[in-house]
Amino acid sequence: MANYIGTEMNRSITGTVGGNENLTLAKIREKQNKNRKKKKLSYNSREISSQILRSVKSEIASVVLVRAKMKVGVLKRCLGTGEYNDREVAAAVAHAQRMVTCAKMKVKHLREEEEQGKQNKKEQAENKRQKKSEIKRRVSQKEREIESKIAQEKIEQVRKEKMQHQDLIRKKKMHRNKELSKIQEADMKYLKDKTEGSEDSSQTDYSGVSLELSMAAMGMQELQMSAHAAELMEKQLEQEIEMQVEMQMQMEGMASVDGFAADVGTVPDVAGEGAVGGGSFDISV
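According to my numbering, the stretch in the sequence shown is residues 7 to 291, in order.
Fair warning: there could be bad hints in the mix.
[What the hints assert, rightly or not] DSBU-like mimics (lysine-lysine), calculated; alpha carbons at most 30 Å apart, straight line:
#	residue 1	residue 2
1	K155	K166
2	K184	K241
3	K127	K112
4	K127	K114
5	K178	K241
6	K44	K75
7	K142	K155
8	K75	K114
9	K160	K179
10	K63	K75
11	K148	K177
12	K112	K82
13	K46	K82
14	K166	K179
15	K178	K195
16	K195	K177
17	K148	K137
18	K82	K124
19	K155	K168
20	K188	K178
21	K124	K134
22	K178	K134
[What the hints assert, rightly or not] Ranges of calculated distance between the beta carbons of each label pair, as one might list FRET restraints:
#	residue 1	residue 2	range
23	M249	Q136	42 to 50 Å
24	K198	I161	26 to 34 Å
25	K124	K46	28 to 36 Å
26	K114	K142	52 to 60 Å
Hints in this document: simulated from the structure, not taken from any laboratory.
Even glycine gets a Cβ: it sits at the ideal position worked out from N, Cα and C.
Sequences are here, hints too, so could you generate the full structure?
Shown next as structure tokens:
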């Protein structure tokens, strides 16, 4: 019994001494760690932020975001090593995490801006295409208006020339009638004066008078024939001009603007020589 008690007391004493030695070693190590000089943390707070600010494209900003995340991982590994000041490392980790947030924001903003820029370019291209289409439409419409105007001017010119020629024919007919009437009047006056002035009426040359009267009658007949020929010529001319106007209107419907421009100088000269039958027609007596 006495031996058992002694053995237990020895074990208790030994355990106490061993525990004290462990505590002493821990305190010594802690004291050594406190006395050991800490390493300076190599962290540039402006490195990531300057890269974020210089990023102008979403691809570059995405690369900066990856670098910021890697920087956070490196700083976290420095915690608990005892080589650096833990408070300084924690502050650097917090700053690096904020840079990650800023980099994410920059990537998002740049992508939105790029998408908006693409949309703007697309709208501008569409507006440009519509503008070109509108210009082409207006040019085509203007060409049609010019074409119609030229055709109308040609038709009006043909009608004007037709009226001028008809006026000339009427004037010629009126002049010839007046001329023939005056000639016949002079002839009849001459015959009358000759008959009344004869001293011997029995000796009057009845054959000469008869001949002159017959000539006067022939002159009247020629006058009537000339008038009839003038009327026929006028009708024929009107028909030919109407046909020319019709043909011109049909040609204007199929020709282009260049065709009209080239054709403007080829309007037949209905008022000049060669308008009817290839030559002038003189109804003079």
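(Q) Let me make sure I understand: some of the numbered hints might not hold for this structure. Which ones are they, in numerical order? (A) 11, 18, 22, 24, 25 and 26
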